[in-house]
Amino acid sequence: AQKVTQAQTEISVVEKEDVTLDCVYETRDTTYYLFWYKQPPSGELVFLIRRNSFDEQNEISGRYSWNFQKSTSSFNFTITASQVVDSAVYFCALSEEGGFGNEKLTFGTGTRLTIIP
Amino acid sequence: DTAVSQTPKYLVTQMGNDKSIKCEQNLGHDTMYWYKQDSKKFLKIMFSYNNKELIINETVPNRFSPKSPDKAHLNLHINSLELGDSAVYFCASSQDLYPEAFFGQGTRLTVV
Chain A
1 AQKVTQAQTE ISVVEKEDVT LDCVYETRDT TYYLFWYKQP PSGELVFLIR RNSFDEQNEI
61 SGRYSWNFQK STSSFNFTIT ASQVVDSAVY FCALSEEGGF GNEKLTFGTG TRLTIIP
Chain B
1 DTAVSQTPKY LVTQMGNDKS IKCEQNLGHD TMYWYKQDSK KFLKIMFSYN NKELIINETV
61 PNRFSPKSPD KAHLNLHINS LELGDSAVYF CASSQDLYPE AFFGQGTRLT VV
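Top line first, the protein sequences correspond to chains A and B. When the first sequence is numbered by this note's numbering, its final residue is 117 and no position is left out of the sequence of numbers. When the second sequence is numbered by this note's numbering, its final residue is 112 and no position is left out of the sequence of numbers.
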């Protein structure tokens, strides 16, 4: 069975600080996918990134960066120079290889990030 | 243009009623899903359809019945609504070989 753990329930930081959101996963599959989604106060779920299990390269997109480490089963998300608009609930998710409708996202419980102006 | 759209956005209804939520995607994706987010923000898959065929059917009460008239539409009908059905229901879609799902804005269902 697959499992995603986001141990940080809530984090508050002052604007412009850097913040890292932790994600630890469990799966028996050798091929799997990891995701981060953002849920702002307006409620929609916004896809941020997908990493494949065979690609451990870290990724940077503007102020966002992701660190994937298979050795520790972690997929952490760092926001640099945080802004008030980053305030949201962030979900880490895992999907095992399936295809044709068989991919189901297993979500972590989310981390509520509040950026204090 | 909205990629995945759900209607209605809010739904307030009495216990015992039957209600439907509609979902449409214009992304040309082959797979559509229903997810439920409970009051603690926990997200869990309910169903998935691939090209109108039911693929995933998690342990959901029989009162919930999805229907996919074509691969761009996936509706959710709920019979005999109960207080515990109150939640936000998200529709999503994805393309084969690209497992990231794109979500609609959610339907907040409140059963009173």
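Simulated from the structure, these hints should not be mistaken for lab results. Treat the hints with care, since some could be wrong.
[Said to hold, decoys possible] Okay, the calculated bits of chain B under chain A, using three or more residues with CB under 8 Å as the criterion:
| no. | region |
| --- | --- |
| 1 | 35-45 |
| 2 | 86-94 |
| 3 | 100-111 |
For glycine and all other residues, C-beta sits at the position ideal for the given N, C-alpha and C.
Hints, one by one, checked against the model:
1. 35-45: holds (count 7)
2. 86-94: The restraint on the region 86-94 of chain B holds, since 4 of its residues have a Cβ under 8 Å from chain A and three suffice.
3. 100-111: Our answer is that it holds, as 8 residues pass the Cβ test (under 8 Å) against chain A, meeting three.
Checked against the numbered hints above, the structure violates none of them.
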